[in-house]
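Student: If you want the building blocks of each chain, they are given just below.
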Amino acid sequence: MPKDSGFRRLDEAGAATVALEFEGSVLMARSGDTVAAAMLAAGHFSGRNTPVSGAPRGPFCMMGTCFDCLVEIDGEPNIQACMIAVVEGTKVRRMKGARPLPANPLPNGEPSED
Amino acid sequence: MPDAIIIGGGLHGLSAALHLARAGLKPLVLEKDYPGRHASGVNAGGVRRLGRDFAEIPLSVEAMRLWHGIADIVGDDCGFIRCGQVKVAETEAELQILRDRAAQVAVLGFDHEEIIGREELLRIVPAISERCVGAMICRADGAANPFRTVMAFRRRAVELGADIRSGSPVAHIERRAGGWSVEAGGARFQASVLVNAAGAWGSQIAGLLGEAPPLRIDAPMLMITEPVAPFLTPVLGAEGRKLSFKQFENGTVLIGGGHRGKAEPGLNLADTRLGGLRQSAATVVALFPQLRATRIVRAWAGIEGVTPDGIPVLGPSVASEGAYHSFGYSYHGFQLGPVTGRIIADLILHGVTDLPIAPFRIDRFSEFHRTGAWREPA
Amino acid sequence: MESRVRTETQIAIIGAGPAGLAAADLLAEAGCEVTLLDEQPAAGGQIYRGIASANAERLRVLGTDYAAGRKLLGVLDRPGVTFIGGATVWEVTRERRISYSVGGTARSLAARRVIACTGATERPMPFPGWTLPGVMTVGAGQILLKTSGLLPPAPLVLAGSGPLLYLLAAQYLAAGQAISAIVETTPGGNWRNALRHLPGALIGNRYLRKGLMLLARIRRAGVAHYRGATGLRAEGTSRVEALTFTVRGRTRRLPCATLLIHTGVMPNLQITRSLNLVHDWDALQQCWRPQLDDWGGTGIDGIHVAGDGGGIAGAEAAVHSGRLAAIGCLAALELIGPEDRERRTAAERRALRAQNRARPFLDALYTPAPEFLDPPDETIVCRCEEVTAGKIREFVDLGCLGPNQAKSFGRPGMGPCQGRYCGITVSAIIAARRRVSIDEVGYYRIRPPLKPITLGELAAMDVLDESDGDDPDA
Chain A
1 MPKDSGFRRL DEAGAATVAL EFEGSVLMAR SGDTVAAAML AAGHFSGRNT
51 PVSGAPRGPF CMMGTCFDCL VEIDGEPNIQ ACMIAVVEGT KVRRMKGARP
101 LPANPLPNGE PSED
Chain B
1 MPDAIIIGGG LHGLSAALHL ARAGLKPLVL EKDYPGRHAS GVNAGGVRRL
51 GRDFAEIPLS VEAMRLWHGI ADIVGDDCGF IRCGQVKVAE TEAELQILRD
101 RAAQVAVLGF DHEEIIGREE LLRIVPAISE RCVGAMICRA DGAANPFRTV
151 MAFRRRAVEL GADIRSGSPV AHIERRAGGW SVEAGGARFQ ASVLVNAAGA
201 WGSQIAGLLG EAPPLRIDAP MLMITEPVAP FLTPVLGAEG RKLSFKQFEN
251 GTVLIGGGHR GKAEPGLNLA DTRLGGLRQS AATVVALFPQ LRATRIVRAW
301 AGIEGVTPDG IPVLGPSVAS EGAYHSFGYS YHGFQLGPVT GRIIADLILH
351 GVTDLPIAPF RIDRFSEFHR TGAWREPA
Chain C
1 MESRVRTETQ IAIIGAGPAG LAAADLLAEA GCEVTLLDEQ PAAGGQIYRG
51 IASANAERLR VLGTDYAAGR KLLGVLDRPG VTFIGGATVW EVTRERRISY
101 SVGGTARSLA ARRVIACTGA TERPMPFPGW TLPGVMTVGA GQILLKTSGL
151 LPPAPLVLAG SGPLLYLLAA QYLAAGQAIS AIVETTPGGN WRNALRHLPG
201 ALIGNRYLRK GLMLLARIRR AGVAHYRGAT GLRAEGTSRV EALTFTVRGR
251 TRRLPCATLL IHTGVMPNLQ ITRSLNLVHD WDALQQCWRP QLDDWGGTGI
301 DGIHVAGDGG GIAGAEAAVH SGRLAAIGCL AALELIGPED RERRTAAERR
351 ALRAQNRARP FLDALYTPAP EFLDPPDETI VCRCEEVTAG KIREFVDLGC
401 LGPNQAKSFG RPGMGPCQGR YCGITVSAII AARRRVSIDE VGYYRIRPPL
451 KPITLGELAA MDVLDESDGD DPDA
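As you go down the protein sequences, you meet chains A, B and C in turn. So the first sequence is numbered by this note's numbering: it starts at 1 and just counts up by one. So the second sequence is numbered by this note's numbering: it starts at 1 and just counts up by one. So the third sequence is numbered by this note's numbering: it starts at 1 and just counts up by one.
Hint data in this document are derived by calculation from the structure and do not stem from the laboratory. Errors might be hidden in some of the hints.
[As the list claims (entries may be wrong)] Derived Cβ-Cβ restraints for the label pairs, each shown as a range: (1) C:E95 / B:L349: 46 to 56 angstroms; (2) C:V247 / A:K91: 39 to 49 angstroms; (3) A:P100 / C:A216: 47 to 57 angstroms; (4) B:E120 / C:E440: 47 to 57 angstroms; (5) A:E76 / C:N276: 32 to 42 angstroms; (6) B:T233 / A:K96: 16 to 26 angstroms; (7) C:R206 / A:S5: 34 to 44 angstroms; (8) B:G167 / C:A30: 42 to 52 angstroms; (9) A:A15 / B:G266: 58 to 68 angstroms; (10) C:L195 / B:A229: 54 to 64 angstroms; (11) A:K96 / B:E130: 40 to 50 angstroms; (12) C:V247 / B:T233: 46 to 56 angstroms; (13) C:A216 / B:K262: 52 to 62 angstroms; (14) B:P359 / C:V5: 46 to 56 angstroms.
[Said to hold, decoys possible] In the SDA-like style, the derived pairs of lysine to any residue whose C-alpha atoms are separated by at most 25 angstroms in a straight line are: (15) B:K262 / C:R445; (16) B:K262 / C:S408; (17) B:K262 / C:R107; (18) B:K262 / C:T7.
The C-beta atom is built at its ideal place from N, Cα and C for all residues, glycine as well.
Chain A extracted, bound-state conformation:
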């Protein structure tokens, strides 16, 4: 995927770096970033394709109200990237359409509720 230049940092020394994984590649973020901010800093402006038409979408409001920044985080689909703080090793993948259904039964054999 073509890498456009992303958001750049105000010259700030001393901020700790955090390594994430985005679509299988390493992405360097700063401590205090949200996943959305980290993606934008790395030039990834789109985190998903919509289930309705497949159109590309990305962060829009950055305050948790528009739901356009949905991505898969650590295997969990449809998480708002702008609401999650980066943590070392966070694995981010784009959402391509509707969320998939995990396999049945769940791998760790969770008991059903009543």
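Fit chains B and C to the known structure of chain A by using the hints.
Tutor: Coordinates of chains B and C only, in the frame set by chain A:
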């Protein structure tokens, strides 16, 4: 002057209007809000014969025949899909209940309810919890789009000459020589025939005729999820739980089953109740654990009228000549819509109908008046 | 930081922006027990977002008004105040039971009194192409600056109308960011409407001076400034590449890698609507606001609204509004007598009046351009369900009378944002097509969950007062 005044522009009122118009009469529908505003437009859209009260089965079977050719009747397929309806059993005891019921239905002469085992169930619904031991299935049942259905009936009725007035709540009904005078929405109308299809307000209208049956106003709740990759074809219920579960083409999943919110019919308000929604969510997660992380995007409640025995009031007035009732469908009127209008038209035009409607008499509630017992609506 | 999960509180404050923080401060000082909930991990709301961790460089770039917000955070150290961050409130009942989720767990909180300080959201500014990646709100640009010190890739275009647009432009210039252009959509005619409010604004001229200073800074930097722009259209395939628009009859095309848009803010009304409160249409601000009394009282026993969530007036006004709600609570709890209430109320109302002097002028000047309430047919209006303006007009032609009916026709408002970015536009389009007032058309029915929640967290929730069986009256 119209030939018949129909109070209520939901599916049953519009169905009556359509069938009367087809017979060349001029019906007038008086709807207090807009057609499909209430139960008819916001229900789960289930089109089923499965699990009906025995009294309803002959009507439901005939209605299903009409659904399979609905485009010929209203010029629109109403989004009807023949995806099947399934009611799962999680235990052997539940499966036995379903078997017994299917046998009874067969004795009555109907074969639409089929029992399947675990293997066939998992073939049809691969995502269901492997705890389930079997199910009852009606393969030719399905689902439709309620609002689209209402609009189609309305459109066709108008094409055939029906007059439909929105924003016209009935304020006054008076018996005049040979007919009825109705005041609604600031205007006065007269007709020789009156039809009460006022849904949750049906008992209120019947009361104006001096024959109000017991009717409880419920607010059944529904929830809908974010889009999920396709995993469910038929509409799903469960013998041991309140559940109606369906996945739309856009991937969203509709969750119903009759948990009740809070109704304020006078204000057209129906609010959800968290306890009931929680129970609904717990039911889904028990049967489909893989949906645990799926998000509910909206929840809402409709306004529905429920009778003590859970079957509708359908048939002629007992208090007056020239008046007929069609209301109280107790959460499951949608599928019956196409046939109830035909029955009302039969009664108006010929005085009789070939379908057995004695169980739906408006004056059948002496047992209720004695015991005060309400049957759990399904 | 919470040491145990509480299920009851004396006063619950939803939103830890200036209104919520000021209310909490006054209440805590009076000895009340307060739980302050915010969706963000830290307090400050959106206006003071990131303030606790802002370094000297960010404070310089963002300006003194932002820096001044820091002192509001002192309330978090007061005894009696519990701050719950990362708390998404998704239900508030008339009986003051709050449902909220933290880290995927849904919880209940029963409160004797509730103050909803939900603030504002960006007004939707729909135009063809506004859903392209790289098109974001000016608010988003500010948040990225405040929380991560991030500056957008050039070429950068800012488009829209309103003081926030100028503020961000000035902040970017202070950071050394190049701005290609400001494309202003403020209708030229607004000036005439605004003039009658000018005297009031001149008395409270601090805002005007601030605004003029921002404009001067932008002019000094030589940023291209187009005025009265119409016909906005964002071009691009997988992300935004250019903005086209028309000014004085000429169509222009500006290449851009980032397009930040803004045409004002509106109160976040999800809670007040879910409580079935009456909302009035404010013709000057072109949005709805709930009917409230002098203390933000809603008419529902124990529930108040304060800050921009009750009507847009800005951060400093929000402080006084928050205090008024708190004073109302103290009086209702009989912790202060009627004379004390009157005295303190009078002081806050004086301060509020002073804050609001310039507001009618600003509101009239920056009344949004009509094209955003009646966009071209091909514009996606409901972003979530991708429903276009043209489709909404078709619904009206098929008999659709209002936004709730529109949901049945074709799903606008049924996505996860629950109408936050489309509701006002859908209502306006229907009103225009039907040739009736937007007030007659109304707005979406809003019901909990006010934010999406998972089936699992709902199923596992400990619901307070859950009745046995299904009888609502049991």
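Student: Look at each hint and say if it fits the structure.
Tutor: Okay, the hints, checked on the actual structure:
no. : hint                                : verdict
1   : C:E95 / B:L349: 46 to 56 angstroms  : holds, 52 angstroms
2   : C:V247 / A:K91: 39 to 49 angstroms  : holds, 46 angstroms
3   : A:P100 / C:A216: 47 to 57 angstroms : holds, 54 angstroms
4   : B:E120 / C:E440: 47 to 57 angstroms : holds, 54 angstroms
5   : A:E76 / C:N276: 32 to 42 angstroms  : holds, 34 angstroms
6   : B:T233 / A:K96: 16 to 26 angstroms  : holds, 23 angstroms
7   : C:R206 / A:S5: 34 to 44 angstroms   : holds, 39 angstroms
8   : B:G167 / C:A30: 42 to 52 angstroms  : holds, 50 angstroms
9   : A:A15 / B:G266: 58 to 68 angstroms  : holds, 60 angstroms
10  : C:L195 / B:A229: 54 to 64 angstroms : holds, 58 angstroms
11  : A:K96 / B:E130: 40 to 50 angstroms  : violated, 29 angstroms
12  : C:V247 / B:T233: 46 to 56 angstroms : holds, 55 angstroms
13  : C:A216 / B:K262: 52 to 62 angstroms : holds, 57 angstroms
14  : B:P359 / C:V5: 46 to 56 angstroms   : holds, 53 angstroms
15  : B:K262 / C:R445                     : holds, 16 angstroms
16  : B:K262 / C:S408                     : holds, 22 angstroms
17  : B:K262 / C:R107                     : holds, 22 angstroms
18  : B:K262 / C:T7                       : holds, 24 angstroms
Violation of the numbered hints given earlier is confined to hint 11; every other hint is satisfied by the structure.
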